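These protein sequence lines are chains A and B, in that order. With the working numbering, the residue at position 8 of the first sequence is 85, and numbering never jumps. With the working numbering, the residue at position 20 of the second sequence is 594, and numbering never jumps.
The hints are simulated quantities; they were obtained by calculation from the structure and are not laboratory data. Treat the hints with caution; some may be incorrect.
Unchecked claim - Cut-off 27 Å, straight-line C-alpha distance, at most; resulting in silico cross-link-like pairs (DSSO-like, lysine-lysine):
no. : chain 1 : residue 1 : chain 2 : residue 2
1   : B       : LYS644    : B       : LYS630
2   : A       : LYS142    : B       : LYS674
3   : B       : LYS674    : A       : LYS84
4   : B       : LYS633    : B       : LYS679
5   : B       : LYS674    : B       : LYS630
6   : A       : LYS142    : A       : LYS84
7   : B       : LYS679    : B       : LYS644
8   : B       : LYS674    : B       : LYS631
9   : A       : LYS84     : B       : LYS679
10  : B       : LYS674    : B       : LYS644
11  : A       : LYS142    : B       : LYS679
12  : B       : LYS679    : B       : LYS630
If you're wondering where the values come from, they're calculated on a predicted model, not measured in any experiment.
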Amino acid sequence: SAVISQKPSRDICQRGTSLTIQCQVDSQVTMMFWYRQQPGQSLTLIATANQGSEATYESGFVIDKFPISRPNLTFSTLTVSNMSPEDSSIYLCSVGSGNEQYFGPGTRLTVT
Amino acid sequence: TQLLEQSPQFLSIQEGENLTVYCNSSSVFSSLQWYRQEPGEGPVLLVTVVTGGEVKKLKRLTFQFGDARKDSSLHITAAQPGDTGLYLCAGAWSGGSNYKLTFGKGTLLTVNP
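Kindly generate the complete structure, drawing on both the sequences and the hints.
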């Protein structure tokens, strides 16, 4: 399994601003995934990030709102842009495949 | 859209009791995973099942994958307060990309001492 860290662990932001979340893995991985977990809800996949190519976004998520970078095989960032209170969620990155995925501790975002 | 229905949504039991959590779908999954998530943490992988009818045991936890690979169950024997958490099932749909997971809504388990 991989060890995954995320920064920040939590933040409180004002509406209209943007926040960039970092995800660092202790080993090189091909695929990294970004999920959103809204309060009391399950995990929803935002996008898949492969190194050297543009991220692939799931239905309902767009690059302008959630730009993703993947500069190398151990690091990725997710930006939540022009935030509104509806963006208040836990954002999680993960690595692995369909058979096994390993998650970071999450970033708890509150938008006021 | 491939959906995973989990039941029950909430479960509160006393220490020492047994419980079963269910995960059902109308879709066939190539594999199914169970995760446990504690407050302030990301989900932690407990087990992956890939073969229809497969049964896996992890100490007091027993996981079963249905013969048709459309459903799964998690049984906990003699539950302990340390078992408290959100239990999530997640499946990789056999008809789609082999890396994408669909998550159920979770079962929030509370084990009271």
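Going through the hints against the structure:
| no. | hint | verdict |
| --- | --- | --- |
| 1 | LYS644/B x LYS630/B | holds (17 Å) |
| 2 | LYS142/A x LYS674/B | holds (21 Å) |
| 3 | LYS674/B x LYS84/A | holds (24 Å) |
| 4 | LYS633/B x LYS679/B | holds (25 Å) |
| 5 | LYS674/B x LYS630/B | holds (23 Å) |
| 6 | LYS142/A x LYS84/A | holds (19 Å) |
| 7 | LYS679/B x LYS644/B | holds (16 Å) |
| 8 | LYS674/B x LYS631/B | holds (25 Å) |
| 9 | LYS84/A x LYS679/B | holds (26 Å) |
| 10 | LYS674/B x LYS644/B | holds (16 Å) |
| 11 | LYS142/A x LYS679/B | holds (25 Å) |
| 12 | LYS679/B x LYS630/B | holds (22 Å) |
In the structure shown, no violation is registered for any of the earlier numbered hints.
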